[in-house]
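Protein chains in written order, with my numbering: chain A, 11 to 383; chain B, 1442 to 1785.
The set of hints was computed from the structure by calculation and includes no laboratory data. We put the CB at the ideal spot given by N, CA and C, even for glycine. Hints are not guaranteed to be accurate.
[What the hints assert, rightly or not] A few chain A residues that face chain B, going by a derived Cβ cut-off under 7 Å, partial list only: (1) Ala80; (2) Ala278; (3) Pro296.
[As the list claims (entries may be wrong)] Per the computed footprint, the stretches of chain B lying under chain A, defined by three or more beta-carbons under 8 Å from a beta-carbon of chain A, are: (4) 1529–1541; (5) 1697–1709.
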Amino acid sequence: MSADAPALPASGPIRRPDAATQWQLMWWRFRRHHMALIGLSVLGLLLLISVFAEFIAPYAPATRNTRYLAGPPMGLHIIAADGSVHAPFVHARANRRDPVTLRLLSVVDETRQWPIELFVRGDTYRMWGLFETNLHLFGAHGGFVHLFGTDNLGRDLFSRTMYATRVSLSVGLIGVAAAFVLGAIIGGIAGYFGGAIDVFVMRLIEFIRSIPTLPLWLSLSAALPRDWTSLQIYVAVTFLLALIGWTHLARTVRGKLLALREEDFVVAARLAGCTDARLIGRHLLPAFLSYLIVDLTISFPEILLAETSLSFLGLGLREPIESWGVLLYAGQNIRSLAHLPWLLIPGLFVIVAALAFNFVGDGMRDAADPYAK
Amino acid sequence: MTALLELDRLEVHFRVVQQALTGRVTSVVRAVDGVSLTVGKGETLGLVGESGSGKTTLGRAALRVVEPTGGRVVFHGNGSAVELGTLDRAALRRMWRHMQLIFQDPYASLNPRMTVRDIIGEPLIANRLARGAELDSRVADMIRRVGLSTEHLSRYPHSFSGGQRQRIAIARALVLHPQFIVCDEPVSALDVSIQAQILNLLKELQKELGLTYLFIAHDLAAVAYASDRVAVMYLGQIVELAPTTRLYEAPLHPYSEALLSAIPVADPDREMQPILLKGERPDPANPPAGCRFHTRCRYADEICRSVMPTLDELEPGRWVACHHAARLELSGARDHIVTMEATR
């Protein structure tokens, strides 16, 4: 931390590197990793979206706008056609039929404006299942606003993406948590006891990892009963993903434990009279907790992408539960790609989220490395 | 001399299984192969030998940190003799209150996630011997004894130098007031300028607390300075055991002679003439027949190749395992002893 010494913050508590805990040192090192900080703020934003999805989305996910079917994204403007500056607004739309193909077209009417207003009343929803309200973060006065456009049925893609963020992130979180528990316990047993148990677990992991993942997921999710509700499917798919994800983690835990068992400070702790429980709780676990967290962060995009691909193939989550993958499923055919390319916008969220997790994981790995300069 | 610790034909053999395409090959590495030693109360017994000779394993087997595969370790702690091999895990943990280990690398032996207070207090807490104000006062007393101050207690190991860390490690080993300490190369990871400080600290503590040391090192200068007697180890066996000054003046075993000839002298004009041993140290999984040193010994003859010599007392207090010990005239490191005595 010597390189940091001259750059002491002008305010706030003075840094004491000598009395800093391992976690404080990690945080200081993490903060110097700019991409990781950006990744962390992106993740924070996504988390905020998934917590307040109903409030941020201007419409309910199933609400259809029959005046704007398959409509392209509506841009926000502040300069009107006559050059005057206004508060943010969207141009008004009018419907017209194409005289040749008879396709319903939406025409931009640049002379009229629908100003964006904050905290408007709209579709009614139950916030967190606690209370009923119809307050939304924003909406268009006198018309409608579809920042990401609408699909064939006229449903607002922006609103649906907000709801999907919640589902996709929660699948990832629950999947990673389940994988963590499985991996830590199975890997811990293999690493701590060693011998035949270790050999068995390692061969099992190698077997699981050698199965091509996509066909495995496909067959497992195809085995889910068709009459299950989408919520049940949602829970089942989450655990399916965890079932594969734990192997990587179990390996890390086992390897770390095997290495740590022989470390001098662990031998010293045994000599100090520590029981097994105290040895694990006080010396072994804290020593590899930081590695585990890094590993979790990096395995998060894996599960996120797995869910997206499964849903995209139509075998993961299903309507009416929407995830990023479910939304992308609608953009599968050539007609959608040709006429409604904005249906791929949820794919951007997948990419951004996966990148953000990778950057944060990178930053944490560097920060957790005690040998880093 | 009353014995504090007795090793009786101690053996530590490691089974090494190598998986190959053609099948598995099992070999047995004889890290410690039938070592009998007695460590007297209050003395410092030095243990030297090149890397891989089994010094560290012997030190750990003496504490049963590494499980011996044969022989006995008897500890004469509180007037009664206890054989470590017969103890169950809980009893062994209690026995470790009387016998401790100081590690070679002070960077690896301190848990980086604990403050110095927690590290030194750990043995007291784990053994439920002290808590609260008593714990604080015993930890504070210990840190002052090793030459640090109580303001260091709330810091983490990463903020200390190697020498300071070794002081912390010593404090942790001594906080339970053990009688016997295995010092496993306690200074070899440190700066030369710091080595003397730590050696002096160990000596002072020995005097104050009446400690007994098994002092393992490959640095013969450090061993000469620290030890009352020295045991020389080669391929898992003791080849010579003698009082320090007499070993350094006139070694009885050719291997000791070669080791002593390699001690660097702090005189740029002196030309060193170390005895360069032929060849490599044999594989401890496959030691040579007869005397284990015969492949590299310049005095070896027919009997050395076929008959393994026993460790015999040639003169009072001087034990050597060599067929020709009585007739060989071997040179020691007399100058070294003289300069060492002068600085003492």
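Against the structure, the hints:
1. Ala80: violated, 58 Å
2. Ala278: holds, 5 Å
3. Pro296: holds, 5 Å
4. 1529–1541: holds (count 5)
5. 1697–1709: Coverage by chain A is violated for the region 1697–1709 of chain B (0 residues, Cβ < 8 Å).
Hint compliance for this structure: hints 1 and 5 are not met, and every other hint is.
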